[in-house]
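Just need the whole structure built from these sequences, with the hints factored in.
My numbering puts the first residue of the sequence shown at 8, with every later residue one more than the last.
Just to be clear, a hint being listed does not mean it is correct.
Said to hold, decoys possible - Below are the DSSO-like pairs computed for lysine-lysine, each with C-alpha atoms no more than 27 Å apart in a straight line: (1) Lys32 with Lys15; (2) Lys32 with Lys67; (3) Lys80 with Lys65; (4) Lys119 with Lys92; (5) Lys70 with Lys15; (6) Lys106 with Lys43; (7) Lys43 with Lys92; (8) Lys65 with Lys43; (9) Lys67 with Lys119; (10) Lys67 with Lys43; (11) Lys43 with Lys80; (12) Lys65 with Lys119; (13) Lys32 with Lys80; (14) Lys92 with Lys32; (15) Lys119 with Lys32.
Bear in mind the hints are in silico, worked out from the structure with no lab data behind them.
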Amino acid sequence: MTEMRYFKLSDFNCQETGNNEMCDKFLTRLDDLRHKTGFPFVITSGYRDPAHSIEAAKSKPGKHAQGIAADIKYNSSFQAYMIVKNALEMGFSGVGIAKTFIHVDTRKDVPKMWCY
8 MTEMRYFKLS DFNCQETGNN EMCDKFLTRL DDLRHKTGFP FVITSGYRDP
58 AHSIEAAKSK PGKHAQGIAA DIKYNSSFQA YMIVKNALEM GFSGVGIAKT
108 FIHVDTRKDV PKMWCY
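Below, the structure written as structure tokens:
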């Protein structure tokens, strides 16, 4: 299991099942992102079990179900900017911007950025 400076593994538990199959490499990178941004942030969604209602509604489980994605709450436009800027610089290959959170992932296919 990965040692993290800023998070507990339980921060990433599936909100519906409690299961957690997060990828160690992803957690290390996310912990480094937190360090680089220089301010604390809250994970609003980490691992999603394939049985989670959001994942079960999909034709194929997404990046959360693969343990390579997290949603990060932000409190200001500056925080959103810093999370996105640093995530891109650090090689996160999926970045989604929502009104209250930033999604980051380490997808292996084509890099992608989107707005919700």
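Provide an ascending list of the numbers of those earlier hints which the structure does not satisfy. 8 and 10
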